[in-house]
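Participant: Residue-level listing of the chains:
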Amino acid sequence: MSEYRLDCLFEACPIPLLKALKQLEKMKIGEVLILHTDHNCSITNVVEWTKKQGHYIDYIEISEGEWEIYIEKAK
Amino acid sequence: MSLYEKVIKKPWPYWVGGILLALLNISLLITTGSAWSITTGLLYWAAAIAERLGIRPGEWYYFNFYEYGLKEGQTFLYNSYTVLNIAIILGALLAVLCAKEFKWKKVKNFKQFCFALGGGIIMGYGTRLSFGCNIGAYFSAIPSFSLQGWVFALFMFVGAWIGSKILFKFIL
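In order, the protein sequences belong to chains B and X. Anchor point for the first sequence: position 5 equals 201 in the working numbering, and the numbering is continuous, going up by one each time. Anchor point for the second sequence: position 140 equals 223 in the working numbering, and the numbering is continuous, going up by one each time.
Hints were generated in silico from the structure; no laboratory data involved. All C-beta atoms in this analysis are idealised placements derived from N, C-alpha and C, irrespective of residue type, glycine included. Fair warning: there could be bad hints in the mix.
What the hints assert, rightly or not - In the DSS-like style, the derived pairs of lysine-lysine whose C-alpha atoms are separated by at most 27 Å in a straight line are:
id, chain 1, residue 1, chain 2, residue 2
1, X, Lys191, B, Lys218
2, X, Lys248, B, Lys215
3, X, Lys92, B, Lys247
4, B, Lys215, X, Lys188
5, B, Lys247, X, Lys89
6, X, Lys194, B, Lys222
7, B, Lys218, X, Lys252
8, X, Lys248, B, Lys224
9, B, Lys215, X, Lys92
10, B, Lys218, X, Lys189
11, B, Lys248, B, Lys215
12, B, Lys248, X, Lys93
13, X, Lys186, B, Lys215
14, B, Lys215, X, Lys194
15, B, Lys247, X, Lys248
16, B, Lys215, X, Lys252
Unchecked claim - To give a feel for the contact side, a few chain B residues facing chain X, derived at Cβ under 7 Å:
id, residue
17, Phe206
18, Leu214
19, Asp234
20, Asn236
21, Thr240
22, Glu260
23, Gly261
Please work from the sequences and hints to get the whole structure.
Facilitator: The structure is reproduced here in structure tokens:
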């Protein structure tokens, strides 16, 4: 059970979502992906996509304009 | 969730944004009589800079063949395109500052810089071939019942699909 960190700082749409997609495919069930991003559209589109796929997701704002999104692969 | 959170901080649903943009579009057309177009504004900035450098774009075939939207007495800063573009930037800045999400973002690495520059040049070239960008087609042409807007829309999907495939497979 491991954690993967993805650094998507200073990347524009849709790169955080595509990077998360690619990484999630390679992960096993139960592993956690931490996405560090400063793009405010990622909190909508990554969250929406992961919920539709059925994974667990939450995010926190770690400083002004920066978020960490935690995704646990559920299936 | 407090009112501040709901209105200023969290993103609004897509349909709310859509309706608001439609209402603003109508009011823009009523008050100024012209539709919104971003890249035409950028084109005139570039032409103004080119004129300073000695090139004379006013004599090019492109500008004399098709009608352009500038009216009498408009200058570099005081024309409908520039005012709208600067207002958009200021409005977006205001929204981000109110939501306390302002952050200076730097260029990540040289690869990103090259792709951004190359992509931007290709996009700019494309907007002149099609006389408008997303805004000119989706926001201005389609609501004006222009068929060209629909052609643009369809092929935009095709181009974006191809671009995403390339991005996903080779660049990421």
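Participant: Quick one, are Lys215/B and Lys194/X close enough, alpha carbons at most 27 Å?
Facilitator: Between Lys215/B and Lys194/X the Cα gap is close to 16 Å, so the pair holds against 27 Å.
Participant: Just to be careful, I want the Cα atoms of Lys215/B and Lys188/X compared with a cutoff of 27 Å; is the pair within it?
Facilitator: 19 Å, holds
Participant: Mind checking the alpha carbons of Lys194/X and Lys222/B for me, to see if they're no more than 27 Å apart?
Facilitator: 25 Å, holds
Participant: Tell me if Gly261/B is really an interface residue toward chain X, meaning its C-beta lies closer than 7 Å to one of theirs.
Facilitator: With a closest approach of 3 Å, the Gly261/B hint holds.
Participant: Would you mind confirming whether the straight-line C-alpha gap from Lys218/B to Lys252/X stays at or under 27 Å?
Facilitator: 10 Å, holds
Participant: Holds or violated: are the alpha carbons of Lys248/B and Lys93/X at most 27 Å from each other?
Facilitator: This hinted pair holds, its Cα atoms lying about 20 Å apart.
Participant: Would the stated hint for Asn236/B survive a check requiring a Cβ distance to chain X of less than 7 Å?
Facilitator: 6 Å, holds
Participant: Is Lys92/X within 27 Å of Lys247/B, Cα to Cα?
Facilitator: Satisfied, since the Cα-Cα distance of roughly 21 Å is no more than 27 Å.
Participant: Taking 27 Å as the top limit, are the C-alpha atoms of Lys248/X and Lys224/B close enough?
Facilitator: 24 Å, holds
Participant: Given Glu260/B as an interface hint, is its Cβ closer than 7 Å to any Cβ of chain X?
Facilitator: Cβ of Glu260/B sits 6 Å from chain X, so the hint holds.
Participant: Is Lys191/X close enough to Lys218/B, meaning Cα to Cα at most 27 Å?
Facilitator: Status holds; Cα separation ~20 Å.
Participant: Between the alpha carbons of Lys247/B and Lys248/X, is the straight-line distance 27 Å or under?
Facilitator: 23 Å, holds
The structure fails none of the hints (numbered hints given earlier).
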